[in-house]
Each structure stands twice: as C-alpha cells, then as structure tokens.
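Engineer: Here the protein sequences line up with chains A and B, keeping their order. Note that the working numbering numbers the first sequence so that position 116 is 137, with each residue one more than the last. Note that the working numbering numbers the second sequence so that position 29 is 60, with each residue one more than the last.
For the record, the hints were derived by calculation from the structure and aren't laboratory data. Note that beta-carbon positions come from the ideal geometry of N, C-alpha and C, so glycine has one too. Do not rely on the hints blindly, as some may be mistaken.
[Unchecked claim] Here chain B is said to cover these stretches of chain A; the calculated rule only asks that three of the stretch's residues, wherever they fall, bring their Cβ under 8 Å from a Cβ of chain B:
1) 220–230
2) 239–245
3) 391–400
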Amino acid sequence: MAYKTIIEDGIDILVAGAGLGGTGAAFESRYWGKDKKIVVAEKANIDRSGAVAQGLYAINCYMGTRFGENNPEDHVRYARIDLMGMVREDLLFDMARHVDSTVHQFEEWGLPLMRNPKTGAYQREGRWQIMIHGESYKPIVAEAAKKSADKVFNRVCLTHLLMDESKPNRVAGAVGFNVRTGNYHVFKSKAVIVAAGGASNIYKPRSVGEGAGRVWYAPWSSGSAYGLLIGAGAKMTQMENRIVLARFKDGYGPVGAYFLHLKTYTQNCNGEEYESNWWPQLQEMVGKEYLDPEASSLTHRPIPTCLRNHALINEVNAGRGPIHMITMEAFQDPHLEEIGWHNFLGMTVGQAVLWAATDVDPKNENPELTTSEPYVMGSHATGCGAWCSGPEDISPPEYFWGYNRMTTVEGLFGAGDAAGGTPHAFSSGSFTEGRLAAKAACKYIDDGKAEGIRISDEQIEQRRAEIYKPMEHYRVYRNEITAGSVNPNYINPRQGLDRLQKLMDEYCGGVTVSYMTNDKLLHIGLKKMKVLEEDLEKIAAENIHELLRAWELKHRHLTSEAVMQHTLFRKETRWPGYYYRGDAMKVDDQNWHVLTVSRRDPETGEYTMEKAPCYHLVEA
Amino acid sequence: MPTFVYMTRCDGCGQCVDICPSDIMHMDSVVRRAYNIEPNMCWECYSCVKACPHNAIDVRGYADFAPLGHSVRVQRDEEKGVIAWRIIFRNGEKDMTLLAPITTKPWGQAIPQLADESEPSQEMRDSQHLFNEPKYIRLDDGGLHTLESNGLKLKAGVYY
Ligand SMILES: Cc1cc2nc3c(=O)[nH]c(=O)nc-3n(C[C@H](O)[C@H](O)[C@H](O)COP(=O)(O)OP(=O)(O)OC[C@H]3O[C@@H](n4cnc5c(N)ncnc54)[C@H](O)[C@@H]3O)c2cc1C
Ligand code: SF4
Ligand code: SF4
Chain A
22 MAYKTIIEDG
32 IDILVAGAGL
42 GGTGAAFESR
52 YWGKDKKIVV
62 AEKANIDRSG
72 AVAQGLYAIN
82 CYMGTRFGEN
92 NPEDHVRYAR
102 IDLMGMVRED
112 LLFDMARHVD
122 STVHQFEEWG
132 LPLMRNPKTG
142 AYQREGRWQI
152 MIHGESYKPI
162 VAEAAKKSAD
172 KVFNRVCLTH
182 LLMDESKPNR
192 VAGAVGFNVR
202 TGNYHVFKSK
212 AVIVAAGGAS
222 NIYKPRSVGE
232 GAGRVWYAPW
242 SSGSAYGLLI
252 GAGAKMTQME
262 NRIVLARFKD
272 GYGPVGAYFL
282 HLKTYTQNCN
292 GEEYESNWWP
302 QLQEMVGKEY
312 LDPEASSLTH
322 RPIPTCLRNH
332 ALINEVNAGR
342 GPIHMITMEA
352 FQDPHLEEIG
362 WHNFLGMTVG
372 QAVLWAATDV
382 DPKNENPELT
392 TSEPYVMGSH
402 ATGCGAWCSG
412 PEDISPPEYF
422 WGYNRMTTVE
432 GLFGAGDAAG
442 GTPHAFSSGS
452 FTEGRLAAKA
462 ACKYIDDGKA
472 EGIRISDEQI
482 EQRRAEIYKP
492 MEHYRVYRNE
502 ITAGSVNPNY
512 INPRQGLDRL
522 QKLMDEYCGG
532 VTVSYMTNDK
542 LLHIGLKKMK
552 VLEEDLEKIA
562 AENIHELLRA
572 WELKHRHLTS
582 EAVMQHTLFR
592 KETRWPGYYY
602 RGDAMKVDDQ
612 NWHVLTVSRR
622 DPETGEYTME
632 KAPCYHLVEA
Chain B
32 MPTFVYMTRC
42 DGCGQCVDIC
52 PSDIMHMDSV
62 VRRAYNIEPN
72 MCWECYSCVK
82 ACPHNAIDVR
92 GYADFAPLGH
102 SVRVQRDEEK
112 GVIAWRIIFR
122 NGEKDMTLLA
132 PITTKPWGQA
142 IPQLADESEP
152 SQEMRDSQHL
162 FNEPKYIRLD
172 DGGLHTLESN
182 GLKLKAGVYY
C-alpha cells in the first residue's frame, strides 16, 4: 500500500477530537500557551462534527450567578441526586464555577441566546437550561478553535496514543490515518487532550435496517474517547453508568424542552398519570434518600432521571403502553407550537421528518414516548470516563495528582465525554472542561514534566502495520471466494458491529431484555467479548472508509468490555431504569457507596477493578 | 437513503463530501455526482443538505418506520444569518414555514484572536482563573467561587 507517512513533530498540545470539549481545549490552549504548538486532529470536519453537528436548542448547563440564579454547589447537589450519589463533586464544582464564563463568551461570539423580556435574564427552559437558537452552535465554536490552533487536521481518525519510551506511563502523542487519502499520520506531542466523544451504537438500537443510524447520540460517536484511553492503560471510572433516555418514539427527539418549557406531561394508554404508582415499591429498593416524592415536590429536589425511566419501563411492561406525551394542550398556543417545532429543527431534524411522514401533528395528536437503547457517555446525564485529577483548591488527596483533568497517564488529559464522574456538563460544560484541561496541560509542559520524550521508529512502524491490517487481511483473503460479503476468514465492520450490539443487548442489559442482567449473563458476555476480540484481529476493510468503520468498531469494543467489567464488579442495581442486576436488585449503600475504577493492562488485556472513595463536598 | 441526491441538480462540487460528519457522502466515479454510501450510518443531521449550493440533497425518512410522501426542506443563509425550514406532511394538510436566526454577529469577526491578547501574568497562571475570568463569570467584580467563599467544607464520605 502506497500510503505516505506524515509526521507532525514538536507539538506541545494535541487535541484529539474536536467536538465541544476539543474546541474548548484548542481555544484556551492558545491563551496559556502563546508560544506553544497546538494541533487538532478530528476524524470529521471540525465545522460540523460531534454530538452538536446538527445544533442544539438549549444550553443545558448554565448557573446564572450573574442573575443571582444558582451557585456551583447547587448544581453539585442536583447532579449528585440525579446520579444517586455517585459523582466526582470536585470536578463538578470546578466545571460549574467556570461554565458561566463560557456561555457569556458564546453570546459575545454571536450564538443567539434567548432572553426573558421581563427580567432581562436568559430565557430559562428549566433550572439549569437556557434556550438558544443553536443551529450554528458547532460552526461558531469551531471558528474559535480554528483561530487558536496552529493546524487543524480534518478527516484524521486517531486509533492509538503514542507512549513515551523514556518514562513509563507517559503519553507522547497519537497516530491515525486520513480517511480520504489513507495516509498514515503521526503526531508527536508533549501533552494530549482527548475529547473524542462517547459511544452510541454499542447496544442494539431500536431502529433496524436503514434506520440503524437513527439513534439518539450521533452514530459517529464511536466511543473513541474511551477506546483511546483504555488502550493506553488509563484508569476509567463509572463505566457501568450507561444512560437510557426517554424520548419521542422512533425520532429520538429530546423531551427536555417539552417537559420544562412547554409544560407537557405524560400519560399511559388509559390517559392516566402512572409515575407515582411506582414510587412506593421503588422506594423500598432504593431507599428514601434517593426517592422521596414528598420532599421532591416541596423542595424541587428532582426525582432521579433513571427512576422516572423505571416507572415508564414498568408501566409499559404492565401492559399499559404506549406512554403518550400530552402535547395537544400546549400546542394550541401558536407561540409554544412554534417553539416545539424549532426545538427539533435546531437539534434533531429526524423527529420533524418522522412526524411529517406519519402525519402526527402534535397539535391534534399526542405522540408516543419510549425508552432508548443504552448509551455510554460522560457529559450528558451520566458520568462514564477517565479517572481524572481535580483542581488543587478543591480536591481531596485521592482525587488530586497535580494537574486538573489529567488522567492516570502522565500528560494525558480528558474533557467532555472523556472525563469520568462529571455528568450534567452537557455542551457548555464540555467546552469548559476542555478549557480547564488546556490550562493544566500548558502548566504541565511549563513545569518541565514533558522533557525528554522519546518515541522509537519501531513503535511508529508497529502501529502503522496494525492500523492497515484490516485492509491487508481483505487483500489476502477476498479472492478465496467468488464474490459477496460471506468469507470464512474474515468479517466486515458492519458484521462485527451487529455481533457486538447483539452481545451487549442480550448479556449486558439492553432494550430487548428490559435492561436486565446478572452475574451469569455478564460472565458469558465477557467470554464472548474476548472471542469477538480475536475475530476483530481478522476484520477486513475493503477501502479506507471501511477502515474507519473497523477502527470505530475496535474502540466500541474496548468501551463495551469496560462496561461489562464494571457492571460485573458492582454487585447491585445502582440506577434502576438505566439497568438492573437481577441477582442484586437492591441499592446497597453500606457496601457500595464508592466509585468504581478499572484499568485494562495494555499488554495482557487483563482488567483490575478497584473501589475509590466517594467524597461529598457539599451538604445535602 | 435517508439522504439522497437528485441527479439533475448535483454538479459534483463535493461540499457535502467535505462536511458529512459520518463520512458517508461520496462521489460516484462514473456519473461524478455525490451519493450516500451508507444510509444506515446517516443521522439525518442535514449538515450536507444545508451545505449543498444547489439544493440537490433531500431526505426521505427511514424506511423502517417512515411512510413515503413527506418533505422537510431547508435553506441556510450565512450572510443573512438565518435558516428557513419548510415542512410538508404526508397528507398535505400541514405545510409550515419556520424561520430562525443562526448568528447575531457576522462570521469571522466576533471571536478574539487569543494570540493577540497580552501574556497572562504569573499570578493569573497560579490562580484557578481561565481566560477573561473572573470578569466573564458574573460580568462584575465578583471573584471566582471557591469552597471557602461559598462557605463549604470538605465532607468526607468514604464508606467501604
Ligand atoms: C440529540 C442530542 C441532544 C443534546 N441536547 C443537548 C442540549 O440541549 N444542551 C446541551 O448543552 N447538550 C446537549 N447534548 C449533549 C452535548 O451535545 C454533549 O454533551 C457534548 O457535545 C459532548 O462533547 P464532547 O466533546 O465530549 O463530544 P463530541 O462533541 O461528540 O465530540 C467528539 C469529537 O471527536 C471526534 N472523534 C471521534 N472519534 C475520533 C477519533 N478516533 N479520532 C479523531 N476524532 C474523533 C468526533 O468527530 C467529534 O468531533 C445533546 C446531545 C445529543 C446527541
Ligand atoms: S444527513 Fe448528516 S449524516 Fe446523513 S449524509 Fe448528510 S451530513 Fe451525512
Ligand atoms: S454539495 Fe450538492 S452539488 Fe455539491 S456534490 Fe454534494 S450534492 Fe452535489
């Protein structure tokens, strides 16, 4: 194969993935590192990539301390109760105290934020969300990143991180390939900020065939944030905390603005309110600490999102589906109707397409809701990701090893979906985390921590061979058969993805088993996962585009294995409605009020699991 | 599908190929027109639809649940800073046009060039502040929130 090797040397900060976290990192790096070489590698086009490619209709994380609305500790309390206690409060507080400055900058850059005409404050959708016209959200933040970076490499898919050979456990850059030219790209860098996004499509989606791309999190979210980190031996946390979303059926249209701003509500097939029927039984399982409907209605303390899912799932299983979103009342107001439609056009056009195609006009008909397949991500309402250091002025010793958002691999930082234990960051919080990581990465370099990095040509050559192996495999074996995609020596990336999704669905609590799993199932699942790993060595890519899919699949596989290992380790159902351990249904705070931490040995593939302390910085 | 390209409108300019986040808009080497090579990895994100200068790309809802006969079209105008949508229902009874702003400032001008900002002081570097902070947090003289300023104390909660 005649692909060129292109080496970019002398980089100070490599930003891996340029969604919301990566653009924040690139932007802020320039301020603290004026003299530094900042390079971005993005597998798509930075102008429209990542979860925000379509746009967003709300910024979901804004304190509004400027308007006297909330303080950072209020947000910590909220995220903590929503995740039933299991969060990194230091990281949350830190993100929350900076996030407003990010949002104020967005407005200055031209992002249209709606304002409340009476108060002059930003138009709230809920306590934490503000409304925007966000169709061009991504192009706007991309412009900020492009202005700051020395170079942006679009269409370069990173596959591995490079490791320093003069000092163990220190990062030294990354490698990947250009999905258009096929060229091999080597980035030698003193520090790397990974912001390559969470994982969709690791569980069998509800949609089938052509519709398989209609998932809630973008189909190009390949779990690379996790694949890159796990592959480099970084410790991960809360990987069992997958998210299941209640969404409009088939379109996956978000429901937040509908509930919060349009004041719509749900009913079962008989037109009844059903949620509260499930609380007494559920309270026995999770305890009053996490489910206290009376306290919730008095203090506006939210009922955790997963528990509301639990009610929906059980109501449907009891034969009283479908669950309807009652839109017919709100949509009689033409202003609210317009907002209802704009909400989708600005972020999930597919929902509008679906309603137009099926003649469902929410003004005259209440649309159906359902729960999605699970997703693995660390910036929405879940906290999967790397075990990262917190800021020096907040973090207890177990959470602090010098540089904010640095993983357990030296010089390797995480932001957005990549940073673990920091749910409810969303778009603005991910951008903010990128900024925080950038400042810390500059300090890391200025402190001389990245001196003397060495990368041998062998390491570079070995990775090269590994990257193109699927194409080589295809070349060698394709002529053994007449034609078609059935070959005894290989599977293609789609076939591999189908197998992964089925496996995760059936053994690790996907939608077809009502999100249920247990010790036995997980053990079988892990065994099958290892066999799949062997087959992934024999994956075949017919062209560069398939090579991209092959590497996305490998990252999804690493992510999935971590999810299974974490789910097995934690012998309880911590988040009913996200998943259940049939053999350990009760939330077991006595033994399990701890964070889970894993490490996969990059050489052997063996997992080590540990518990880490869960500190509460903020009173309830 | 879900996106497809009208043969007579596409001139092979490649803008959709350049923008698609899923890397699925490709050029057909025979007819030199773009097409969607992998419909089951398409999100209906409309990035390519908005980017096409000839309105050659359209979307047909996913075959597994969406009947034929509907249309959701879009025009995004960067110069005017607006985006216009037209939604026509399958039964033809609903035909809506919706307009929204995409930016309040001309592109390329409002975002600061950080290389031109003055060098941050050592004090700034040692602090917890990010660029333009603390001013940009409250837009007044208020400082950064800390545990101390907010009257919070580290509360150990380790239960093994
Ligand atoms: C439908 C939907 C609605 C949402 N609604 C809201 C909302 O209303 N408000 C809100 O604030 N948030 C919302 N969110 C959440 C928000 O979009 C995410 O929290 C945020 O974008 C995460 O940022 P990130 O940088 O971690 O990941 P992303 O923004 O997804 O960025 C990841 C980037 O990495 C790139 N990449 C991936 N793999 C590789 C690789 N191997 N090599 C190189 N590059 C790679 C990707 O192309 C992408 O650009 C929503 C998300 C979705 C999907
Ligand atoms: S709609 Fe989005 S994912 Fe589908 S082809 Fe166009 S740009 Fe690609
Ligand atoms: S952007 Fe439009 S005209 Fe250009 S190649 Fe794509 S479909 Fe054809």
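Engineer: Tell me, in ascending order, the numbers of any earlier hints that this structure violates.
Structural biologist: Checked against the structure, the only hint that fails is number 3, while the rest are satisfied.
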